[in-house]
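Going down the list, the sequences are from chains Y and R.
So in the numbering used here, spot 106 of the first sequence is number 106, and the numbers just go up one at a time.
So in the numbering used here, spot 75 of the second sequence is number 75, and the numbers just go up one at a time.
Don't take every hint at face value.
If several chains are the same, the list does not tell them apart, and a pair holds so long as it fits within one copy or across any two.
[Unchecked claim] Calculated pairs, DSS-like style, for lysine-lysine (alpha carbon to alpha carbon, straight line, at most 27 Å): (1) Lys78 / Lys35; (2) Lys53 / Lys133; (3) Lys203 / Lys65; (4) Lys163 / Lys79; (5) Lys163 / Lys78; (6) Lys163 / Lys133; (7) Lys53 / Lys203; (8) Lys70 / Lys163; (9) Lys27 / Lys133; (10) Lys65 / Lys158; (11) Lys203 / Lys43; (12) Lys7 / Lys35; (13) Lys70 / Lys203; (14) Lys70 / Lys27; (15) Lys70 / Lys133; (16) Lys163 / Lys53; (17) Lys198 / Lys133.
In short, the hints are calculated from the structure, not lab data.
Take a look at the letters that make up each chain.
Protein chains: 2
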Amino acid sequence: MQRPPVKIAVFVSGGGTNLQALIDAQKSGIITHGKIELVVSNKPNAYALERAKNNSIETVVINNKDYSDKREFEAELKKTLKAHEIELIVLAGFMCILTADFTNAYKNRILNVHPSLIPSFCGEGFYGLRVHKAALDYGVKVTGATVHFVNEIPDGGKIILQKAVSVQETDTPEILQRRVMEQAEWHILPEACEIVSKEIYEKGDAYEHIQN
Amino acid sequence: MQRPPVKIAVFVSGGGTNLQALIDAQKSGIITHGKIELVVSNKPNAYALERAKNNSIETVVINNKDYSDKREFEAELKKTLKAHEIELIVLAGFMCILTADFTNAYKNRILNVHPSLIPSFCGEGFYGLRVHKAALDYGVKVTGATVHFVNEIPDGGKIILQKAVSVQETDTPEILQRRVMEQAEWHILPEACEIVSKEIYEKGDAYEHIQN
Numbered sequence: 001m002q003r004p005p006v007k008i009a010v011f012v013s014g015g016g017t018n019l020q021a022l023i024d025a026q027k028s029g030i031i032t033h034g035k036i037e038l039v040v041s042n043k044p045n046a047y048a049l050e051r052a053k054n055n056s057i058e059t060v061v062i063n064n065k066d067y068s069d070k071r072e073f074e075a076e077l078k079k080t081l082k083a084h085e086i087e088l089i090v091l092a093g094f095m096c097i098l099t100a101d102f103t104n105a106y107k108n109r110i111l112n113v114h115p116s117l118i119p120s121f122c123g124e125g126f127y128g129l130r131v132h133k134a135a136l137d138y139g140v141k142v143t144g145a146t147v148h149f150v151n152e153i154p155d156g157g158k159i160i161l162q163k164a165v166s167v168q169e170t171d172t173p174e175i176l177q178r179r180v181m182e183q184a185e186w187h188i189l190p191e192a193c194e195i196v197s198k199e200i201y202e203k204g205d206a207y208e209h210i211q212n
Numbered sequence: 001m002q003r004p005p006v007k008i009a010v011f012v013s014g015g016g017t018n019l020q021a022l023i024d025a026q027k028s029g030i031i032t033h034g035k036i037e038l039v040v041s042n043k044p045n046a047y048a049l050e051r052a053k054n055n056s057i058e059t060v061v062i063n064n065k066d067y068s069d070k071r072e073f074e075a076e077l078k079k080t081l082k083a084h085e086i087e088l089i090v091l092a093g094f095m096c097i098l099t100a101d102f103t104n105a106y107k108n109r110i111l112n113v114h115p116s117l118i119p120s121f122c123g124e125g126f127y128g129l130r131v132h133k134a135a136l137d138y139g140v141k142v143t144g145a146t147v148h149f150v151n152e153i154p155d156g157g158k159i160i161l162q163k164a165v166s167v168q169e170t171d172t173p174e175i176l177q178r179r180v181m182e183q184a185e186w187h188i189l190p191e192a193c194e195i196v197s198k199e200i201y202e203k204g205d206a207y208e209h210i211q212n
């Protein structure tokens, strides 16, 4: 008796290039044990929403600015995830920090991609271009990306995959960011997504076990 | 008018596998702008001394335990380096921490290889197997090695080269240590040595400029 693929929600805030990598990986058969059911954006005008629509993936906007406190915002997120029976959440450039209450409810069910080789250049304040600027300022010759489970500590959860990327003499934060995306993030995020989906799939560990 | 190759001293304390990599790189023409003139050990029975002798490289033992304070020990090191007109020092498993007085005297003239991708798993207390144990305990999937200039901050000097190495599920600190040596340290240490030797060589920047 087979169960359906693991239901995945991708959380976005911006351009959604990592979402695109996930969509492409699903099409090309890299992700087979999971299926992107839903794209959740906290920004109404995130281009990631267009990408989802272009691929007939359901979207929902839950704008954190519409909620006076984070608990209400997260309650709405949970309600939406529950309605769609989501089993795995992928943070793909989602610019809200989730509380311990939320991450505990989805323990080992939230993936994040961070644009450095954790534990270098990670934790509070290290996001986006700041990560690459810090790496260049430090003078590293190798950086990369990390996919990890999300817990209550920023970038503190168990590491699933990492991939190294070379730094070049002439790099700017922008150039390095692009290289890390192309050579690392867009590969290891879908791969990690498949690894974790397969585990959930094979354990027969379904939606009902998630504490909501 | 050509100058002779940059005179290199390699500081060792143990087995000297990194010294061997440097000797091999000199033989195979990877290091051409520098020449290993001297191997300095703080341990009288370091096997690295055998390796040097087998390759007709002069050795000297300066045992830190013979000196009541570090300044005297370092004064003896400096005297020896001066006598041999050493222009570049390579720390290859040298287990004594050098003072700021010494590192300032040889600013940008001391190289060290550290068995991780700095800034991960480096600084005080991170040496030898401890580095690899820390990496495995953290759960990283990628580690590596770094060659950097030595300044007064442990593992804090400018990075010259880094190379990434994969971590395997079944790794022990010992297995990981060996892989990092074979796949990273033994390659980037000779390469960095040649890069820095070439710079010194081409600047015509000779021994006399070092502040002793």
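Status of the hints after comparison with the structure:
In this assembly of identical chains, the alpha carbons of Lys78 and Lys35 lie at most 27 Å apart only when taken from the same copy (19 Å versus 66 Å across copies). When the C-alpha separation of Lys53 and Lys133 is checked against a cutoff of 27 Å, the pair qualifies neither within a copy, at 33 Å, nor between copies, at 47 Å. Proximity of Lys203 and Lys65 under a CA criterion of 27 Å is satisfied in neither setting, with 38 Å inside one chain copy and 59 Å between copies. In this homomeric assembly, Lys163 and Lys79 never come within 27 Å of each other (Cα to Cα): the closest approach is 35 Å inside a single copy and 46 Å across copies.
Taking CA atoms no more than 27 Å apart as the test, Lys163 paired with Lys78 passes in neither setting, with 31 Å inside one copy and 42 Å between copies. Within a single copy, Lys163 and Lys133 get their C-alpha atoms as close as 19 Å, and across copies as close as 20 Å, so both meet the 27 Å cut-off. In this homomeric assembly, Lys53 and Lys203 never come within 27 Å of each other (Cα to Cα): the closest approach is 31 Å inside a single copy and 60 Å across copies. In this homomeric assembly, Lys70 and Lys163 never come within 27 Å of each other (Cα to Cα): the closest approach is 33 Å inside a single copy and 42 Å across copies.
Neither within a single protomer nor between protomers do Lys27 and Lys133 lie at most 27 Å apart by alpha-carbon distance, with minima of 34 Å and 40 Å respectively. When the C-alpha separation of Lys65 and Lys158 is checked against a cutoff of 27 Å, the pair qualifies neither within a copy, at 30 Å, nor between copies, at 43 Å. Taking the shortest alpha-carbon separations for Lys203 and Lys43, neither the intra-copy value of 35 Å nor the inter-copy value of 55 Å comes in at or below 27 Å. For the homomeric pair Lys7 and Lys35, the shortest alpha-carbon distance inside one copy (5 Å) is at most 27 Å, but the shortest distance between copies (62 Å) is not.
In this assembly of identical chains, Lys70 and Lys203 lie within 27 Å of each other by CA distance neither inside one copy nor across copies; the values are 33 Å within and 60 Å between. Proximity of Lys70 and Lys27 under a CA criterion of 27 Å is satisfied in neither setting, with 35 Å inside one chain copy and 64 Å between copies. Within a single copy, Lys70 and Lys133 get their C-alpha atoms no closer than 30 Å, and across copies no closer than 39 Å, so neither meets the 27 Å cut-off. In the homo-oligomer, the alpha carbons of Lys163 and Lys53 never lie at most 27 Å apart, since the shortest distance is 30 Å inside one protomer and 41 Å across protomers.
Proximity of Lys198 to Lys133 under the C-alpha cut-off of 27 Å is found in neither arrangement, the shortest distances being 35 Å within a copy and 29 Å between copies.
Hints 2, 3, 4, 5, 7, 8, 9, 10, 11, 13, 14, 15, 16, 17, counting from the list given before, are not met by this structure.
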